[in-house]
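**Student:** Build the full structure now, drawing on both the sequences and the hints.
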Amino acid sequence: MLVAFSALASLLLIAVFILKEGVPFFFKYGLGHFLFGLTWDPQAGQFGIYPMIVASLWVTLGAMAIGAPLGIAGAIFLNEFVPRSVLRVVKPTIELLAGIPSVVYGFLGVMVLAPFIRAHLGGPGLSILAASVILGIMVLPTVISISTDAIGAVPNSYREGALALGATRWQSVTLVTVKAARSGIIASIILAMGRALGETMAVIMVVGNAVKVPHSALDSARTLTANIALEMGYATGLHREALFATGVVLFVVIMLLNAMATSAIKAGGRRA
Amino acid sequence: MRVPPKYAQVLAVALLGAATLLTLVVLVFIIVFVLTKGLPTVNAAFLFTVPRDMGRSGGILPTLIGTVLLPLLALVIALPLGVGTAVYLTEYTRESRVTRMLSFGADCLAGIPSIIFGLFGFIFFVVMLHMGWCLLAGGLTLAIMILPTIIRTSEEAIRAVPNAYREVSFSLGATRWETVLKVVLPNALPGIVTGIMLGIARCIGETAAVIFTAGSSLRMPTSVFDSVRTMSVHFYILAREGISSENAYGTAAVLVISVLAVNLVAYGLMHRFISRRTR
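As given, the protein sequences belong to chains A and B, one line each in that order.
Note that the working numbering numbers the first sequence so that position 241 is 241, with each residue one more than the last.
Note that the working numbering numbers the second sequence so that position 19 is 19, with each residue one more than the last.
Because the hints were derived from the structure by calculation, they are not lab data.
Note that CB positions come from ideal geometry on N, CA and C, so glycine has one too.
You may find that some hints are simply not true.
[Stated by the list, open to error] Distance windows between CB atoms, simulated:
no. : chain 1 : residue 1 : chain 2 : residue 2 : range
1   : A       : GLU231    : B       : ALA174    : 56 to 62 Å
2   : B       : LYS6      : A       : VAL213    : 46 to 52 Å
3   : A       : LEU57     : B       : MET54     : 44 to 50 Å
4   : A       : GLY30     : B       : ASN163    : 45 to 51 Å
5   : A       : VAL16     : B       : LEU181    : 32 to 38 Å
6   : A       : VAL213    : B       : LEU181    : 58 to 64 Å
7   : B       : LEU22     : A       : LYS20     : 41 to 47 Å
8   : B       : LEU24     : A       : LYS266    : 42 to 48 Å
9   : B       : TYR267    : A       : ALA259    : 27 to 33 Å
**Tutor:** Right, dumping it as structure tokens:
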């Protein structure tokens, strides 16, 4: 049954080829210069991705600041405060929306959100804030879906115990249910972070793509993913290697996030 | 000052309810917005004529064909691999270090962002194997991308087939392979089809992994070695380069409708499958 190894083999193949194309660049250019260099100017042979790292962090954290509270609030509300029948309709609807292509989110960001930000908050509109909001909305289905499953898996006896002790429903949620579902909720946030960090096309459309260290949420910036996708089409030689090296950085960070999410889910499974 | 628990609850529920409502409103707004802006452009002529002037006018026929062919090709490759893996994991092994490693591999693959698939497909299929930007390179890349989805859903569907079915089949003298082929897979089929539909939906919506492997040629493809442009890539290019916002909205509407329709079929199948199992 060699086919069974197809997924593992593909994973290894991807890892090997991304590393093979990217890692030599670390040695040629110097890892420190690459990660902390402030200038990205392929024509001049300058390949510092520090501005992109900062932008990716801002955008990802911004997306989490919007997506995580809304998503978790939604998951709690749907599980604890509305009848089951509502959950059974709303959850599939939200998961259905996870299928909206990312370019559509990006386009809406350009047509609706960016002009709004430009008119009311200033700046160019296409900015870290716009990207954060769009990504925050994009990760909502992920957060809600996984958190809802985690909260739904908390045994009813826990809630009944809390209610029997005289707790209000809200107290039983904060003191018992959410604590019991903690690892699943954390996993949903980590997976959503991975999705936000790895998102490319929607971000390219709304983040503005200027290569400089951003100073405010209204600044235009360029993320790691956007950097790869924008220049891959025409890059050659050292420039292309630098883009693959950017891919290596992304790959490693996302693998770490995935490992963290998996271990969070496992830890939850052990306790239950 | 301490807020009495009763008021805290009222306040909390109000906030949570508002957050949930906001989420739903935003998500529904996106669909309604795209459809109201896009649908007026969509008609038979838009769907079935070739684009002119880089997509500034004319229709989207080649991208429609690309959007059908590319996911199909990806599926033809990923389906045997994915279902084979699922059958092996569920029917031929006990849980061991090897199966845990295989599942872990599939999970990791599922978490890789599409741009990394694009990079890999570009360097491996397009450059190293000299395929160039083409349908085949795109199909292979997308096949790897949807493999975890197919494995996971097939695995769950196969595990849901009651053991009694297998025991009856064995007691009639069937071999394991005959049992898999004639008993397990037919009973797991709706679940497997759900995975297929989810995989197709992901392929239709994908942009980053497609643009670097299948390219973006607007010509009609005549073989698997021709470059194609899918609807999502077409939409991206129209929107990003500001070629025509009218045609961009039209393409977006067709794109959203196709993805939602495919997803809807998947959920319908899954629902029927689950209700049959629990009956």
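**Student:** Evaluate each hint against the coordinates.
**Tutor:** Checked hints:
no.	hint	result
1	A:GLU231 x B:ALA174: 56 to 62 Å	holds (57 Å)
2	B:LYS6 x A:VAL213: 46 to 52 Å	holds (49 Å)
3	A:LEU57 x B:MET54: 44 to 50 Å	violated (37 Å)
4	A:GLY30 x B:ASN163: 45 to 51 Å	violated (59 Å)
5	A:VAL16 x B:LEU181: 32 to 38 Å	holds (35 Å)
6	A:VAL213 x B:LEU181: 58 to 64 Å	holds (60 Å)
7	B:LEU22 x A:LYS20: 41 to 47 Å	holds (46 Å)
8	B:LEU24 x A:LYS266: 42 to 48 Å	violated (32 Å)
9	B:TYR267 x A:ALA259: 27 to 33 Å	holds (30 Å)
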